[in-house]
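Which chain is which? The protein sequence lines are A and B, in order. Residue numbers are given in the working numbering: position 22 of the first sequence equals residue 22, and the series is strictly consecutive. Residue numbers are given in the working numbering: position 80 of the second sequence equals residue 164, and the series is strictly consecutive.
Simulated from the structure, these hints should not be mistaken for laboratory data. Computed from a prediction, not measured in an experiment: that's the story for all the values here. Think of the CB as a built atom: it goes at the ideal place given N, C-alpha and C, for glycine as much as any other residue. Certain hints may be false.
[Said to hold, decoys possible] From the derived model, a few chain B residues whose C-beta atoms are all more than 10 Å from chain A: (1) Thr86; (2) Leu114; (3) Asn123; (4) Phe128; (5) Ala135; (6) Glu145; (7) Leu150; (8) Val152.
[As the list claims (entries may be wrong)] Example chain A residues on the side facing chain B (calculated, C-beta under 10 Å, incomplete): (9) Ile7; (10) Thr10; (11) Lys12; (12) Glu13; (13) Val15; (14) Pro18; (15) Val27; (16) Lys37; (17) Gly41; (18) Asp45; (19) Ala56; (20) Glu81.
[What the hints assert, rightly or not] Quick partial rundown of chain A residues pointing at chain B, CB under 10 Å, derived from the structure: (21) Gln21; (22) Pro33; (23) Lys42; (24) Ile62; (25) Leu67; (26) Asn71; (27) Glu73; (28) Thr74.
Protein chains: 2
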Amino acid sequence: MTVKARIFVTYKESVFDPQGQAITDAVQSLGHPEVEKINVGKFFDVQLDPATKSVAQTVSEISEQLLVNFNLETYRYELLEEQQ
Amino acid sequence: MTVKARIFVTYKESVFDPQGQAITDAVQSLGHPEVEKINVGKFFDVQLDPATKSVAQTVSEISEQLLVNFNLETYRYELLEEQQ
């Protein structure tokens with residue numbers, strides 16, 4: 001069996017998001033005053049076999065080992081439905 | 085009123101995702117044979133006021149003007165609940 005988990009990585013609330021600020025400025029200057037703020041983030045769609053290890057454990061381990069910089073970033077994840 | 089839309093940007097199915105492949109290889113070599121594949125993407129959390137323009141229209145316009153490279157990428161979006 002294979003399941004898919006989506007891990008969302010974002011800056012911590014306390015960390016300035018320079019890319020998001022630059023994109024917000026650019027979008028507003030393109031004529032979108034209705035846009036108030038844009039924040040950016042990454043996501044990882046992880047296809048995995050939960051037979052030997054739980055999804056929660058795998059997600060936690062690979063986030064700590066590789067995917068997330070805990071000095072600046074935080075993450076959460078959700079299971080994806082099969083059709084996505 | 086302010087609403088929040090999350091725009092997901094991913095490579096098209098037909099486009100090779102080199103970063104995803106590199107991350108998959110790295111995770112597997114760190115001792116995670118349970119991970120079969122990882123794909124990466126970006127997302128944009130857009131806070132906007134839909135009074136003058138619909139969310140769908142704003143999302144479509146800023147995706148075309150700035151956020152998405154339609155040669156390589158595709159996007160979809162969803163509305164976020166307030167607590168997220």
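Each hint, compared with the structure:
1. Thr86: Check fails; 6 Å does not lie beyond 10 Å.
2. Leu114: The claim breaks: leucine 114 (chain B) does not keep its Cβ more than 10 Å from every Cβ of chain A (closest is about 5 Å).
3. Asn123: 4 Å, violated
4. Phe128: 5 Å, violated
5. Ala135: It is violated; alanine 135 (chain B) is separated from chain A by about 7 Å at its closest Cβ, not greater than 10 Å.
6. Glu145: 7 Å, violated
7. Leu150: 6 Å, violated
8. Val152: Consistent with the label, valine 152 (chain B) stays out of reach of chain A, its closest Cβ about 12 Å off (over 10 Å).
9. Ile7: 9 Å, holds
10. Thr10: Where the cut-off is 10 Å and the nearest Cβ of chain B is about 8 Å from threonine 10 (chain A), the hint holds.
11. Lys12: 14 Å, violated
12. Glu13: 13 Å, violated
13. Val15: 15 Å, violated
14. Pro18: 14 Å, violated
15. Val27: 5 Å, holds
16. Lys37: With a minimum Cβ separation of about 4 Å from chain B (threshold 10 Å), the hint on lysine 37 (chain A) holds.
17. Gly41: For glycine 41 (chain A), the interface hint holds, since the closest Cβ of chain B sits about 5 Å away, which is under 10 Å.
18. Asp45: For aspartate 45 (chain A), the interface hint holds, since the closest Cβ of chain B sits about 4 Å away, which is under 10 Å.
19. Ala56: The hint is violated - alanine 56 (chain A) has no Cβ within 10 Å of chain B, the shortest such distance being about 12 Å.
20. Glu81: 13 Å, violated
21. Gln21: 13 Å, violated
22. Pro33: 8 Å, holds
23. Lys42: 6 Å, holds
24. Ile62: Hint holds; isoleucine 62 (chain A) Cβ to chain B Cβ min 5 Å, cut 10 Å.
25. Leu67: 7 Å, holds
26. Asn71: Hint violated; asparagine 71 (chain A) Cβ to chain B Cβ min 19 Å, cut 10 Å.
27. Glu73: This hint is violated: glutamate 73 (chain A) lies away from chain B, its Cβ roughly 14 Å from the closest one there, beyond 10 Å.
28. Thr74: With a closest approach of 13 Å, the threonine 74 (chain A) hint is violated.
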